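Can you build the whole structure from these sequences, using the hints too?
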Amino acid sequence: MTEVLQVALLFLGCLFFGLGTLGLFRFPDTLTRIHALTKADNLGLGLIVLALLPGVTGWAVAVKILLVWVVALVASATSAHLVARALSAGEEAGSD
Amino acid sequence: MSQERHRLLTIKPVPVEARDVLYRVLFAAFLWWVLSEGRADSWGFGVLMALLVTGISLGLFPPVGPRLRWRRLPGYLLWFAGRSLLAGVDVARRLLAPGLPLNPGRVTLDLDLPDGPPRWWLANSLSLLPGTLSVALHGQQIEVHTLDTRSDIAREVEEARRRVGVLYGEGTSP
Amino acid sequence: MTLPMALASFWLLTMLGLGLLRIWRGPSVADRMLAAQLFGTTGVALLLILAQSQAQSALRDVALALSLLSVLATVAFLTRVAGNPPGSTDD
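Chains as they are written, first to last, in this note's numbering: chain A, 1047 to 1142; chain B, 232 to 405; chain C, 429 to 519.
You may find that some hints are simply not true.
Unchecked claim - 25 Å max Cα-Cα, derived SDA-like pairs, lysine to any residue:
(1) B/243 to A/1124
(2) B/243 to B/300
(3) B/243 to B/286
(4) B/243 to A/1128
(5) B/243 to B/400
(6) B/243 to B/293
Stated by the list, open to error - Coverage of chain C stretches by chain A, computed from C-beta distances (three or more under 8 Å per stretch; other residues unrestricted):
(7) 457-467
(8) 480-493
If you are wondering where the hints come from, they were derived from the structure by calculation, not from laboratory data.
Computed from a prediction, not measured in an experiment: that's the story for all the values here.
Cβ atoms here follow ideal geometry from the backbone N, Cα and C, with glycine treated the same way.
What follows is the structure, given as C-alpha cells:
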C-alpha cells in the first residue's frame, strides 16, 4: 500500500517538474516563466521528497531530506525575486 | 566599526536576550544532528560547532525588532503548504489550457509590515503562492508581478501579510 | 521502488537537458538565469532519488550544497551583469 502511494507521489512529482520545464518554453516572457518554474518545480520537489520519506533509514535522514526541501524552497524563492527585481530595474533604466 | 559590521542589515539591531542565544544554540545543534544523520560519535565536535555558529550568527545577523514565534510556525507552514500546492495546480491549469489564459501585469500594494525578517518572509512566501511573484519592496509598498491581473491579488497579499504578522507576534494565534 | 526511481531519475535528467536548451536559446540573459534555477531544484530532486536508490547518503549532502549554491550562482550572475541589465538581450 505504501509502495503504491510512493510511486504515485513520485509520478506526480515528475509531472510537475515536466510542467515547470514546459512553462519555460510555453510562457511568453521571462517573468511568467519565473512563475511557472518556481511554483511547479517546488511542488514537484515536495512530492518527490514525500515519496522518498517512507524509504529512509532513520529519523535524522527523514529530517535531512525535509531540510533539503526547505532550503531549496527558500533558494528558489530568493532566486526568483532577485531575477524579477533585476529585470524590473533594467526596464526602469530604459535599457530594455 | 559597528557600522561596518551591520552593513548586511539596513535596520537597527535590538539588544541580544538570553532566549536569542538559547534558540540559536538549539537550532545549530539540531542542524548538526540532521547533517551528521544522527551519528552519536560526532557530538563532541558538534557541540563546539553549534557554539561557534551561534557566535558568528549573532555577529552577522543580530536580532532586529519582533521575534519569530516558534510555536506559531506549524500553523503558518500548514497554511503555506496548502496554498503552494494550489499555486502549482494553478500554474499547471494555465499552462495546459489551450488558450494559455494569462493576463500578466504588475500591482503595487501598500504594506505596513515591519522592516527586516517579516518582510523577507512575506516576499519569499508570495513568490510561492498562487499567482503572485514579489518583484520589489519599496518603503511602505510591495510590488508584485501576477499571472492574472483579474484575480484578487490584493486579497492574496493581505492574507499572507496577516499570517506573517501573526507569526511575528501580532494579535493572538487564530 | 527500484524501477520507478530509475524512471524518475531518467525523466529528471531529460528535464535538465531541456533546461540546457533554454540556456542555449536564451534569448535574454534572465532566461539563462532561470535555467540555473531549474538546475537548482531538478538537480536536487535527482540527487535525493539517487541517494536513496543507490544507498549513497553522501549524495544528500551534495543536494544540500547544490541548492545553497544555486542562490549564490544567481547573485554572482546578477552582480556580474550589473552593467549589462538582465532585461537586455545578450550578444
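Mind listing which of the numbered hints don't hold for this structure, in increasing order? none
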